[in-house]
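2 protein chains.
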Amino acid sequence: MQIHDLPTPALTIDADAFDRNLATMATVHPGRALRPHVKAHKCTALAAAQQAIGHDTFTCATPREIVGMAAAGVGTELLLANETVDDTRLRAMAELDVPVIVAVDSDATVDAATRNGITACLIDVNVGLPRCGIAPDEAGRLADRARRAGLDVRGVMGYEGHLMMVRERDERLTAVEQSMELLLRAHRDVGGPIVSAGGTGTFDQHGSTGVTEVQAGSYALMDIDYGRQGLPFEQAVFVVGTVISVSEGWSVADVGLKALGMDHGKPAVADGSVWFCSDEHLTYAPTERPQVGDRVQVVPSHIDPTMAMHDTAWIVRGDEVIDRWPVDLRGW
Amino acid sequence: MQIHDLPTPALTIDADAFDRNLATMATVHPGRALRPHVKAHKCTALAAAQQAIGHDTFTCATPREIVGMAAAGVGTELLLANETVDDTRLRAMAELDVPVIVAVDSDATVDAATRNGITACLIDVNVGLPRCGIAPDEAGRLADRARRAGLDVRGVMGYEGHLMMVRERDERLTAVEQSMELLLRAHRDVGGPIVSAGGTGTFDQHGSTGVTEVQAGSYALMDIDYGRQGLPFEQAVFVVGTVISVSEGWSVADVGLKALGMDHGKPAVADGSVWFCSDEHLTYAPTERPQVGDRVQVVPSHIDPTMAMHDTAWIVRGDEVIDRWPVDLRGW
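From first to last, the protein sequence lines are chains A and B.
The opening position of the first sequence corresponds to residue 2 in our numbering, with each subsequent residue numbered one higher.
The opening position of the second sequence corresponds to residue 2 in our numbering, with each subsequent residue numbered one higher.
It cannot be assumed that every hint is accurate.
With the Cβ distance kept under 7 Å, some of the chain A side facing chain B (calculated, not the full set) [what the hints assert, rightly or not]:
{"id": "1", "residue": "Ala-62"}
{"id": "2", "residue": "Asp-106"}
{"id": "3", "residue": "Ser-107"}
{"id": "4", "residue": "Ser-246"}
{"id": "5", "residue": "Val-253"}
{"id": "6", "residue": "Leu-258"}
{"id": "7", "residue": "Met-263"}
{"id": "8", "residue": "Glu-281"}
{"id": "9", "residue": "His-282"}
{"id": "10", "residue": "Thr-284"}
{"id": "11", "residue": "Val-293"}
{"id": "12", "residue": "Gly-294"}
{"id": "13", "residue": "Ala-309"}
In silico contact screen, one side only, chain B against chain A (beta carbon under 10 Å); selected entries [to be verified]:
{"id": "14", "residue": "Asn-83"}
{"id": "15", "residue": "Thr-89"}
{"id": "16", "residue": "Ala-109"}
{"id": "17", "residue": "Cys-133"}
{"id": "18", "residue": "Ser-246"}
{"id": "19", "residue": "Ser-248"}
{"id": "20", "residue": "Gly-250"}
{"id": "21", "residue": "Asp-255"}
{"id": "22", "residue": "Leu-258"}
{"id": "23", "residue": "Leu-261"}
{"id": "24", "residue": "Gly-262"}
{"id": "25", "residue": "Asp-280"}
{"id": "26", "residue": "Glu-281"}
{"id": "27", "residue": "Val-293"}
{"id": "28", "residue": "Gly-294"}
For the record, the hints were derived by calculation from the structure and aren't laboratory data.
Keep in mind it's a predicted model, so treat the numbers as computed, not measured.
Ideal Cβ positions, reconstructed from N, Cα and C, are used throughout, including at glycine.
Construct all of the structure, not just a fragment, from the sequences and the given hints.
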């Protein structure tokens, strides 16, 4: 099958670019130095490729991702890098054969974990992003409470998400090091072998931060936003559309905002300038006037929500469709 | 079951607000004067409620919506208000028992329809929104071509989508009337019984435009954007989340940007101010400090993509969950 035969909008992954991205990351962070974040792709077949190159521990954002990874038999240890107090979901994770670690940042999340049979946790520390995470100075107290409740406290995590898009590399490095001082301060009080942090935007800035593993996910597929950061990863995902209407000055493809994460702004097309997206349309000014029926490659501005909108990723090499991966970890 | 028992994020529909919205619209546009747009909700159970109140013709944006509506047996005539040249999907629509009309705006879309057995069309006319639609002066020529090819040309459609969010009501009315003059000019050359246009933002501004039916969809559920327009429809959809983390000055709920259409901006919460959304988090400044485990009602800024992110709509009355509707028309 060729790309031109795919029903559109079709989410495609360039096999060679994807393989190079995985190899580049595995050189910098081999094996367990990377705990790939599943939320970026929600695809167990993709995670299996990450495991095949040496990363056998994974990061998830939702219980659904944890349970789905376990069902697919991918990963030897799964981290829920997020808080939940949902008894049903905590029990489901506790009953898995694969070891599961959950993040906790409050008495309530510790209590929810223990009453549902969870056995291991990381203390989630606020390292500057106003989201989840306990204040660094309170991390030790929470770790003590978790241990008294019977949890194996494996260490700390902190996500410097506010620094991923700092444009200047040196400025980013300084900010990452300051942020990680907060995490290490917490770790001194908490203990445990794991200090988990980082993402694609800061993947190579943890050489001297004391972090034991990096949680990057977007690096495998990339998007417009990360593409501006001067990272050594290539755009591997394109949402392929069909031109359905051609007017004087603009054309329309069938890749709308229900097929593209829009929170980071507009997508891009190779041969033109995007004007706007509607539910099922992308209106753009083409460089050369296309024909109705032509294909267009659309680059998403944010990869994570884009993957979550598609049930299938088509793996391509050149114009050839060589495989089909279900995006099987969608939902909650 | 109570709202508090739902796994979160949970898309809920307030049954009473929804019923009132349907009744309000059916008073202004009874029966076939409204052709409800399915793209706003992607839910055949919801469409069945629209049919029960008297609207038995429907508008769809994708072949998947057409085929799914037919499979559910909802609707006596389905309009694909969009262009496609996908042979497989056109054939699938042509083979349905329910009458299907497709929009065409070019020779290529007419040819694709006829070669795949489609029997009826509307000429899609550009009425000012730079998207699909043929120039008004060319509509007659395309209608002639379609008729020669054997299509039953049922009339014209044109979507004044660029006017939905004009804030001043009078200004909107003037602009709608000018826009519809383009559609009527095309209709004089095209002929046929149908002049289809409009949306929720202009639903009551077609009294003297000559339009025979209005394609509104969002009115049933509403969102922040339409809520600002002074329309007589109530917010009926809330994405319910659980507070998972509470810090000094902000809290975090588990309703992130994978559960909310973000192209119209941030969502809102009743008891606080939203700071930002991440993939699985909503960070907000609460009016009163909540407890971990509390529920939060989130109002989406754009209803259509929000519905497309959920597989279930929970129907609620007060705190009671009274029904569960599958969002069964997702995808393409």
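Here is how each hint holds up against the structure:
no.: 1; hint: Ala-62; verdict: 5 Å, holds
no.: 2; hint: Asp-106; verdict: 6 Å, holds
no.: 3; hint: Ser-107; verdict: 6 Å, holds
no.: 4; hint: Ser-246; verdict: 4 Å, holds
no.: 5; hint: Val-253; verdict: 5 Å, holds
no.: 6; hint: Leu-258; verdict: 5 Å, holds
no.: 7; hint: Met-263; verdict: 4 Å, holds
no.: 8; hint: Glu-281; verdict: 5 Å, holds
no.: 9; hint: His-282; verdict: 6 Å, holds
no.: 10; hint: Thr-284; verdict: 5 Å, holds
no.: 11; hint: Val-293; verdict: 4 Å, holds
no.: 12; hint: Gly-294; verdict: 5 Å, holds
no.: 13; hint: Ala-309; verdict: 5 Å, holds
no.: 14; hint: Asn-83; verdict: 6 Å, holds
no.: 15; hint: Thr-89; verdict: 7 Å, holds
no.: 16; hint: Ala-109; verdict: 4 Å, holds
no.: 17; hint: Cys-133; verdict: 4 Å, holds
no.: 18; hint: Ser-246; verdict: 4 Å, holds
no.: 19; hint: Ser-248; verdict: 7 Å, holds
no.: 20; hint: Gly-250; verdict: 8 Å, holds
no.: 21; hint: Asp-255; verdict: 7 Å, holds
no.: 22; hint: Leu-258; verdict: 5 Å, holds
no.: 23; hint: Leu-261; verdict: 9 Å, holds
no.: 24; hint: Gly-262; verdict: 7 Å, holds
no.: 25; hint: Asp-280; verdict: 5 Å, holds
no.: 26; hint: Glu-281; verdict: 5 Å, holds
no.: 27; hint: Val-293; verdict: 4 Å, holds
no.: 28; hint: Gly-294; verdict: 5 Å, holds
Of the numbered hints listed earlier, not one is contradicted by the structure.
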